[in-house]
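Please put together the full structure from these sequences, using the hints given.
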Amino acid sequence: MRGKILLTVIAVSFLCATPVFAVKTDSEILNDLKIDSKAVFLQDIDHHKTILKQKSDQKMPVASLTKIMTALITLEERQLTEKVTITWEMVGNLRDFVAIGLRVGQQATVEDLLYATLLPSAGDAAQALAISTSGSNAKFATKMNEKATELGMKNTHFSNPIGMNENNYSTAEDIAILLEAALKNETFTKIFQTYEHKLPSVGLTAVKTFKKHASFIGGKTGYTQLAGRCLASNANINGVNYIMVTLGAYPDSTNHLKDADKIYNYVKETYIEQVILKTGDLIKTVNVTDSEQKTLDLKAEQGAKAILRKDISRDQLKYVYSGTDTITPEVKVGSKLGTFSIYNGDEKLYETDVYLRDEIEFYDYPLIIASYIGGGILVAGVILAILLIIKSVRR
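Numbering-wise (the working numbering), the sequence shown opens with residue 15 and increments by one.
Please keep in mind that the hints were generated in silico from the structure rather than gathered at the bench.
A few of these clues could be false.
[Claimed, not checked] Under the rule of at most 35 Å between Cα atoms (straight-line distance), these lysine-lysine pairs were calculated in the DSBU-like manner: (1) Lys-69 / Lys-161; (2) Lys-204 / Lys-67; (3) Lys-332 / Lys-346; (4) Lys-198 / Lys-282; (5) Lys-324 / Lys-69; (6) Lys-272 / Lys-73; (7) Lys-204 / Lys-69; (8) Lys-362 / Lys-272; (9) Lys-198 / Lys-48; (10) Lys-362 / Lys-204.
From a predicted model like this one, the values you see are computed outputs, not experimental measurements.
Following this line, the structure appears as C-alpha coordinates:
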(Lines of atoms letter the chains of each structure in order from A and count residues from 1; the text may use other names and numbers.)
(Lines give C-alpha, C1' and ligand atoms only; values in the text may rest on other atoms or scores of the structure.)
Protein backbone atom coordinates (compact mmCIF):
# COMPACT_ATOMS: atom_id res chain seq x y z
CA MET A 1 0.00 0.00 0.00
CA ARG A 2 2.80 2.39 0.94
CA GLY A 3 4.53 1.54 -2.34
CA LYS A 4 1.43 2.48 -4.32
CA ILE A 5 1.12 5.79 -2.45
CA LEU A 6 4.79 6.52 -3.08
CA LEU A 7 4.39 5.80 -6.81
CA THR A 8 1.33 8.04 -6.95
CA VAL A 9 3.19 10.89 -5.27
CA ILE A 10 6.10 10.48 -7.69
CA ALA A 11 3.74 10.45 -10.68
CA VAL A 12 1.89 13.56 -9.51
CA SER A 13 5.20 15.33 -8.85
CA PHE A 14 6.41 14.45 -12.32
CA LEU A 15 3.22 15.73 -13.94
CA CYS A 16 3.38 18.96 -11.97
CA ALA A 17 6.99 19.49 -12.95
CA THR A 18 6.32 18.83 -16.63
CA PRO A 19 4.90 21.75 -18.66
CA VAL A 20 1.60 21.18 -20.45
CA PHE A 21 3.26 22.07 -23.74
CA ALA A 22 6.69 23.22 -24.79
CA VAL A 23 7.00 26.26 -27.01
CA LYS A 24 9.22 25.45 -29.96
CA THR A 25 12.10 27.67 -30.95
CA ASP A 26 12.01 29.49 -34.28
CA SER A 27 14.65 27.13 -35.66
CA GLU A 28 12.59 24.10 -34.63
CA ILE A 29 9.48 25.55 -36.29
CA LEU A 30 11.34 26.32 -39.51
CA ASN A 31 12.91 22.86 -39.45
CA ASP A 32 9.46 21.28 -39.04
CA LEU A 33 8.27 23.32 -42.03
CA LYS A 34 11.29 22.06 -44.01
CA ILE A 35 12.43 25.59 -44.87
CA ASP A 36 15.37 25.65 -47.24
CA SER A 37 16.36 29.33 -46.86
CA LYS A 38 19.37 29.96 -44.63
CA ALA A 39 18.13 33.26 -43.21
CA VAL A 40 14.51 34.17 -42.39
CA PHE A 41 12.90 37.26 -40.93
CA LEU A 42 9.11 37.58 -40.62
CA GLN A 43 7.48 40.57 -38.99
CA ASP A 44 3.96 41.78 -38.36
CA ILE A 45 4.36 45.44 -39.33
CA ASP A 46 1.01 46.56 -37.89
CA HIS A 47 2.17 45.79 -34.35
CA HIS A 48 5.94 45.57 -35.04
CA LYS A 49 6.12 42.05 -33.71
CA THR A 50 8.77 39.65 -34.94
CA ILE A 51 7.07 36.32 -35.63
CA LEU A 52 9.97 34.16 -36.83
CA LYS A 53 13.66 34.71 -37.37
CA GLN A 54 16.72 32.62 -38.13
CA LYS A 55 20.20 33.99 -38.84
CA SER A 56 18.36 37.22 -39.59
CA ASP A 57 21.26 39.46 -38.54
CA GLN A 58 23.91 37.50 -40.46
CA LYS A 59 25.58 39.46 -43.26
CA MET A 60 24.92 37.77 -46.60
CA PRO A 61 24.84 38.64 -50.31
CA VAL A 62 21.29 39.69 -51.20
CA ALA A 63 21.55 39.75 -55.02
CA SER A 64 18.74 41.69 -56.68
CA LEU A 65 16.93 42.53 -53.44
CA THR A 66 19.39 45.42 -53.70
CA LYS A 67 17.11 46.87 -56.37
CA ILE A 68 14.50 47.71 -53.72
CA MET A 69 16.86 50.43 -52.54
CA THR A 70 17.52 51.50 -56.14
CA ALA A 71 13.79 51.94 -56.69
CA LEU A 72 13.21 53.74 -53.38
CA ILE A 73 15.90 56.36 -53.99
CA THR A 74 14.66 56.89 -57.54
CA LEU A 75 11.11 57.45 -56.33
CA GLU A 76 12.32 59.97 -53.75
CA GLU A 77 14.40 61.97 -56.22
CA ARG A 78 12.81 61.62 -59.66
CA GLN A 79 9.52 62.25 -61.44
CA LEU A 80 7.84 59.26 -63.09
CA THR A 81 7.44 61.10 -66.40
CA GLU A 82 11.12 62.05 -66.71
CA LYS A 83 12.87 60.69 -69.78
CA VAL A 84 16.19 58.83 -69.57
CA THR A 85 18.42 58.52 -72.64
CA ILE A 86 20.06 55.10 -72.59
CA THR A 87 23.87 55.02 -72.83
CA TRP A 88 26.36 52.18 -73.24
CA GLU A 89 27.41 52.53 -69.60
CA MET A 90 23.82 51.75 -68.56
CA VAL A 91 23.48 48.54 -70.54
CA GLY A 92 27.02 47.23 -70.21
CA ASN A 93 28.91 45.32 -67.48
CA LEU A 94 25.92 43.21 -66.45
CA ARG A 95 27.74 39.86 -66.43
CA ASP A 96 25.04 37.24 -65.84
CA PHE A 97 22.40 39.70 -64.68
CA VAL A 98 19.01 39.87 -66.37
CA ALA A 99 18.45 42.70 -68.87
CA ILE A 100 15.18 43.77 -70.40
CA GLY A 101 16.92 44.77 -73.62
CA LEU A 102 17.33 48.54 -73.53
CA ARG A 103 19.11 49.99 -76.56
CA VAL A 104 21.72 52.76 -76.63
CA GLY A 105 20.09 56.03 -77.68
CA GLN A 106 16.62 54.87 -76.68
CA GLN A 107 14.54 57.10 -74.40
CA ALA A 108 12.66 55.50 -71.51
CA THR A 109 10.54 57.03 -68.77
CA VAL A 110 11.55 56.69 -65.14
CA GLU A 111 8.24 54.91 -64.51
CA ASP A 112 8.89 52.25 -67.15
CA LEU A 113 12.43 51.74 -65.86
CA LEU A 114 11.07 51.22 -62.34
CA TYR A 115 8.68 48.52 -63.54
CA ALA A 116 11.52 46.88 -65.46
CA THR A 117 13.73 47.03 -62.36
CA LEU A 118 11.22 45.49 -59.94
CA LEU A 119 9.30 43.01 -62.11
CA PRO A 120 11.80 41.14 -64.33
CA SER A 121 14.65 42.50 -62.17
CA ALA A 122 16.36 44.05 -65.19
CA GLY A 123 19.92 45.14 -64.47
CA ASP A 124 20.04 47.50 -67.44
CA ALA A 125 16.95 49.34 -66.17
CA ALA A 126 18.40 49.61 -62.64
CA GLN A 127 21.71 50.97 -63.98
CA ALA A 128 19.85 53.42 -66.20
CA LEU A 129 18.05 54.79 -63.14
CA ALA A 130 21.22 54.93 -61.04
CA ILE A 131 23.48 56.57 -63.63
CA SER A 132 20.84 59.08 -64.79
CA THR A 133 20.16 60.01 -61.15
CA SER A 134 23.73 60.35 -59.83
CA GLY A 135 26.08 60.23 -62.81
CA SER A 136 27.59 56.82 -62.06
CA ASN A 137 26.91 53.56 -60.27
CA ALA A 138 29.51 54.45 -57.64
CA LYS A 139 27.95 57.81 -56.83
CA PHE A 140 24.51 56.23 -56.66
CA ALA A 141 25.86 53.56 -54.30
CA THR A 142 26.95 56.36 -51.98
CA LYS A 143 23.33 57.54 -51.89
CA MET A 144 22.23 53.99 -51.20
CA ASN A 145 24.52 53.67 -48.20
CA GLU A 146 23.48 57.07 -46.86
CA LYS A 147 19.84 55.97 -47.08
CA ALA A 148 20.67 52.67 -45.41
CA THR A 149 22.22 54.55 -42.50
CA GLU A 150 19.20 56.85 -42.29
CA LEU A 151 16.86 53.86 -42.10
CA GLY A 152 18.93 52.11 -39.43
CA MET A 153 20.23 49.28 -41.64
CA LYS A 154 23.28 48.62 -39.46
CA ASN A 155 24.67 45.55 -41.21
CA THR A 156 24.37 46.62 -44.82
CA HIS A 157 26.72 47.91 -47.49
CA PHE A 158 25.79 48.58 -51.11
CA SER A 159 28.44 48.82 -53.81
CA ASN A 160 26.17 48.96 -56.86
CA PRO A 161 22.49 49.38 -57.80
CA ILE A 162 21.84 45.88 -59.10
CA GLY A 163 23.23 43.45 -56.51
CA MET A 164 26.61 42.33 -57.79
CA ASN A 165 28.28 40.50 -54.94
CA GLU A 166 31.51 42.44 -54.58
CA ASN A 167 31.23 44.17 -51.20
CA ASN A 168 27.44 44.28 -51.59
CA TYR A 169 25.74 42.66 -48.60
CA SER A 170 22.92 43.00 -46.11
CA THR A 171 20.86 40.90 -43.68
CA ALA A 172 17.31 39.59 -43.68
CA GLU A 173 16.41 42.08 -40.92
CA ASP A 174 17.95 45.04 -42.74
CA ILE A 175 16.18 44.21 -46.00
CA ALA A 176 12.93 44.00 -44.01
CA ILE A 177 13.59 47.52 -42.67
CA LEU A 178 14.16 48.68 -46.26
CA LEU A 179 11.02 46.97 -47.55
CA GLU A 180 8.84 48.44 -44.79
CA ALA A 181 10.11 51.93 -45.64
CA ALA A 182 9.60 51.38 -49.37
CA LEU A 183 6.04 50.11 -48.90
CA LYS A 184 5.12 53.48 -47.41
CA ASN A 185 5.53 54.87 -50.93
CA GLU A 186 2.29 54.26 -52.84
CA THR A 187 3.99 54.00 -56.24
CA PHE A 188 6.51 51.47 -54.96
CA THR A 189 3.72 49.39 -53.41
CA LYS A 190 1.76 49.44 -56.65
CA ILE A 191 4.76 48.26 -58.70
CA PHE A 192 5.83 45.73 -56.02
CA GLN A 193 2.39 44.11 -56.16
CA THR A 194 2.14 44.12 -59.98
CA TYR A 195 2.94 41.00 -61.98
CA GLU A 196 2.78 42.23 -65.57
CA HIS A 197 2.93 45.75 -67.01
CA LYS A 198 3.33 47.27 -70.47
CA LEU A 199 6.22 49.70 -70.93
CA PRO A 200 5.10 52.13 -73.67
CA SER A 201 8.33 54.11 -73.82
CA VAL A 202 10.42 51.03 -74.63
CA GLY A 203 7.80 48.99 -76.48
CA LEU A 204 8.07 45.98 -74.17
CA THR A 205 6.09 44.22 -71.45
CA ALA A 206 7.60 43.71 -68.02
CA VAL A 207 6.75 40.36 -66.43
CA LYS A 208 7.56 39.46 -62.83
CA THR A 209 10.11 36.74 -62.12
CA PHE A 210 7.41 34.54 -60.56
CA LYS A 211 3.70 33.96 -60.85
CA LYS A 212 1.26 35.29 -58.28
CA HIS A 213 1.00 33.22 -55.10
CA ALA A 214 -2.11 32.95 -52.97
CA SER A 215 -0.15 33.22 -49.71
CA PHE A 216 1.33 36.69 -50.31
CA ILE A 217 0.58 39.88 -52.24
CA GLY A 218 3.80 41.15 -53.77
CA GLY A 219 7.48 40.42 -53.85
CA LYS A 220 10.95 40.91 -55.26
CA THR A 221 13.30 38.04 -55.97
CA GLY A 222 17.07 37.91 -56.12
CA TYR A 223 19.55 35.31 -57.32
CA THR A 224 23.23 34.76 -57.86
CA GLN A 225 25.19 31.56 -57.34
CA LEU A 226 26.72 33.02 -54.20
CA ALA A 227 23.49 34.51 -52.77
CA GLY A 228 21.19 31.64 -53.68
CA ARG A 229 17.47 32.26 -54.04
CA CYS A 230 16.26 35.33 -52.13
CA LEU A 231 12.79 36.80 -51.69
CA ALA A 232 11.33 39.91 -50.06
CA SER A 233 7.54 39.76 -49.85
CA ASN A 234 4.48 41.18 -48.13
CA ALA A 235 1.19 39.56 -47.15
CA ASN A 236 -2.12 40.39 -45.49
CA ILE A 237 -3.32 37.53 -43.30
CA ASN A 238 -6.66 37.89 -41.51
CA GLY A 239 -6.41 41.68 -41.82
CA VAL A 240 -2.85 41.95 -40.48
CA ASN A 241 0.09 43.09 -42.65
CA TYR A 242 3.32 41.12 -42.70
CA ILE A 243 6.65 41.39 -44.47
CA MET A 244 9.16 38.59 -44.85
CA VAL A 245 12.69 38.27 -46.18
CA THR A 246 14.33 34.93 -46.91
CA LEU A 247 17.92 34.55 -48.09
CA GLY A 248 20.12 31.74 -49.39
CA ALA A 249 17.70 29.06 -50.61
CA TYR A 250 19.31 26.23 -52.63
CA PRO A 251 19.29 24.68 -55.14
CA ASP A 252 15.81 24.51 -56.70
CA SER A 253 14.74 27.63 -58.56
CA THR A 254 11.45 27.81 -56.64
CA ASN A 255 12.59 26.95 -53.10
CA HIS A 256 12.36 30.57 -51.92
CA LEU A 257 8.75 30.76 -53.14
CA LYS A 258 7.87 27.42 -51.53
CA ASP A 259 9.41 28.66 -48.28
CA ALA A 260 7.24 31.78 -48.37
CA ASP A 261 4.09 29.72 -48.93
CA LYS A 262 4.93 27.39 -46.04
CA ILE A 263 5.73 30.18 -43.60
CA TYR A 264 2.78 32.41 -44.46
CA ASN A 265 0.41 29.41 -44.26
CA TYR A 266 1.91 28.56 -40.86
CA VAL A 267 1.12 32.10 -39.69
CA LYS A 268 -2.44 31.80 -40.98
CA GLU A 269 -2.97 28.57 -39.06
CA THR A 270 -1.16 29.59 -35.88
CA TYR A 271 -1.66 33.30 -35.18
CA ILE A 272 -4.59 35.64 -34.81
CA GLU A 273 -5.01 39.29 -33.86
CA GLN A 274 -6.65 39.59 -30.44
CA VAL A 275 -7.99 42.50 -28.40
CA ILE A 276 -5.79 42.62 -25.30
CA LEU A 277 -7.16 45.88 -23.87
CA LYS A 278 -10.43 47.75 -24.32
CA THR A 279 -11.02 51.48 -23.92
CA GLY A 280 -12.28 52.01 -20.37
CA ASP A 281 -10.78 48.81 -18.95
CA LEU A 282 -9.67 49.18 -15.31
CA ILE A 283 -5.90 49.54 -15.06
CA LYS A 284 -5.48 50.21 -11.35
CA THR A 285 -7.40 51.49 -8.36
CA VAL A 286 -5.23 53.97 -6.42
CA ASN A 287 -5.72 55.62 -3.05
CA VAL A 288 -6.57 59.31 -2.63
CA THR A 289 -5.51 61.24 0.47
CA ASP A 290 -6.90 64.43 2.00
CA SER A 291 -10.23 64.06 0.23
CA GLU A 292 -13.68 62.64 0.78
CA GLN A 293 -12.91 60.57 -2.36
CA LYS A 294 -10.82 57.74 -0.93
CA THR A 295 -9.96 55.89 -4.19
CA LEU A 296 -9.72 56.53 -7.94
CA ASP A 297 -10.05 54.03 -10.78
CA LEU A 298 -7.44 54.52 -13.50
CA LYS A 299 -8.86 53.36 -16.81
CA ALA A 300 -7.44 52.69 -20.28
CA GLU A 301 -7.76 55.72 -22.55
CA GLN A 302 -7.56 53.55 -25.66
CA GLY A 303 -7.70 49.89 -26.57
CA ALA A 304 -4.92 47.69 -27.90
CA LYS A 305 -4.54 44.63 -30.10
CA ALA A 306 -1.73 42.12 -30.49
CA ILE A 307 -0.81 39.11 -32.58
CA LEU A 308 -0.94 35.98 -30.43
CA ARG A 309 -0.92 32.27 -31.03
CA LYS A 310 -4.45 30.93 -31.25
CA ASP A 311 -3.89 28.79 -28.14
CA ILE A 312 -3.28 31.87 -25.98
CA SER A 313 -6.23 33.76 -24.51
CA ARG A 314 -6.39 37.22 -23.00
CA ASP A 315 -6.71 35.91 -19.43
CA GLN A 316 -3.31 34.23 -19.74
CA LEU A 317 -1.57 37.57 -20.24
CA LYS A 318 0.09 39.54 -17.45
CA TYR A 319 -1.11 43.11 -16.84
CA VAL A 320 1.32 45.30 -14.91
CA TYR A 321 0.88 48.84 -13.57
CA SER A 322 4.03 50.51 -12.27
CA GLY A 323 3.77 53.94 -10.69
CA THR A 324 2.03 56.06 -8.06
CA ASP A 325 -0.29 54.14 -5.74
CA THR A 326 -1.52 57.18 -3.81
CA ILE A 327 -2.69 60.52 -5.15
CA THR A 328 -2.04 63.52 -2.93
CA PRO A 329 -2.99 67.19 -3.33
CA GLU A 330 0.45 67.82 -4.88
CA VAL A 331 -0.43 65.67 -7.90
CA LYS A 332 -1.96 67.89 -10.56
CA VAL A 333 -4.35 66.97 -13.36
CA GLY A 334 -2.32 65.89 -16.40
CA SER A 335 0.57 64.55 -14.33
CA LYS A 336 2.07 61.20 -15.33
CA LEU A 337 1.26 58.60 -12.68
CA GLY A 338 3.16 55.64 -14.13
CA THR A 339 3.18 53.07 -16.93
CA PHE A 340 0.90 50.18 -17.79
CA SER A 341 2.27 47.14 -19.62
CA ILE A 342 0.88 43.89 -20.97
CA TYR A 343 3.08 40.78 -21.23
CA ASN A 344 2.81 37.37 -22.80
CA GLY A 345 5.34 35.56 -20.65
CA ASP A 346 8.50 37.66 -20.93
CA GLU A 347 7.39 39.30 -24.18
CA LYS A 348 6.09 42.84 -23.82
CA LEU A 349 3.05 43.23 -26.06
CA TYR A 350 2.01 46.75 -25.13
CA GLU A 351 3.01 49.69 -22.96
CA THR A 352 1.45 53.08 -22.35
CA ASP A 353 1.88 55.99 -19.95
CA VAL A 354 -0.87 56.59 -17.39
CA TYR A 355 -1.93 60.12 -16.48
CA LEU A 356 -4.24 61.73 -13.92
CA ARG A 357 -7.22 62.90 -15.96
CA ASP A 358 -9.85 63.46 -13.21
CA GLU A 359 -10.28 66.55 -11.08
CA ILE A 360 -10.21 65.59 -7.42
CA GLU A 361 -11.63 67.82 -4.68
CA PHE A 362 -9.14 67.87 -1.84
CA TYR A 363 -9.69 69.30 1.65
CA ASP A 364 -8.82 73.03 1.89
CA TYR A 365 -7.10 72.99 5.29
CA PRO A 366 -6.40 76.78 5.53
CA LEU A 367 -10.09 77.49 4.97
CA ILE A 368 -11.09 74.89 7.54
CA ILE A 369 -8.70 76.38 10.10
CA ALA A 370 -9.94 79.87 9.32
CA SER A 371 -13.50 78.69 9.76
CA TYR A 372 -12.67 77.20 13.13
CA ILE A 373 -10.86 80.36 14.20
CA GLY A 374 -13.66 82.56 12.92
CA GLY A 375 -16.24 80.44 14.67
CA GLY A 376 -14.31 80.57 17.94
CA ILE A 377 -14.05 84.36 17.83
CA LEU A 378 -17.76 84.62 17.19
CA VAL A 379 -18.62 82.34 20.12
CA ALA A 380 -16.26 84.25 22.38
CA GLY A 381 -17.88 87.52 21.33
CA VAL A 382 -21.36 86.22 22.09
CA ILE A 383 -20.28 84.96 25.50
CA LEU A 384 -18.64 88.28 26.29
CA ALA A 385 -21.77 90.16 25.26
CA ILE A 386 -23.95 87.97 27.48
CA LEU A 387 -21.63 88.52 30.43
CA LEU A 388 -21.73 92.27 29.94
CA ILE A 389 -25.53 92.24 29.78
CA ILE A 390 -25.75 90.18 32.99
CA LYS A 391 -23.33 92.53 34.72
CA SER A 392 -25.34 95.56 33.59
CA VAL A 393 -28.62 94.06 34.84
CA ARG A 394 -27.15 93.32 38.27
CA ARG A 395 -26.15 96.93 38.60
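The hints, checked one at a time:
With a C-alpha separation of about 23 Å, the suggested pairing of Lys-69 with Lys-161 holds against the 35 Å cut-off. Pair hint Lys-204 plus Lys-67 holds up; C-alpha atoms about 27 Å apart against a cutoff of 35 Å. Only pairs whose Cα atoms come within 35 Å are accepted, and Lys-332 paired with Lys-346 is accepted, the gap being roughly 29 Å. Restraint check for Lys-198 and Lys-282: satisfied, since their Cα atoms lie roughly 24 Å apart, inside the 35 Å limit.
At most 35 Å may separate the alpha-carbon atoms for a hinted pair to count; Lys-324 and Lys-69 meet this at roughly 26 Å. Restraint check: the Cα-Cα separation between Lys-272 and Lys-73 comes to about 23 Å, which is no more than 35 Å; the hinted pair holds. With a C-alpha separation of about 30 Å, the suggested pairing of Lys-204 with Lys-69 holds against the 35 Å cut-off. With a C-alpha separation of about 32 Å, the suggested pairing of Lys-362 with Lys-272 holds against the 35 Å cut-off.
A threshold of 35 Å between alpha carbons decides the hint, and for Lys-198 with Lys-48 the separation of about 32 Å falls inside it, so the pair holds. Restraint check: the Cα-Cα separation between Lys-362 and Lys-204 comes to about 34 Å, which is no more than 35 Å; the hinted pair holds.
Of the numbered hints given earlier, the model fails none.
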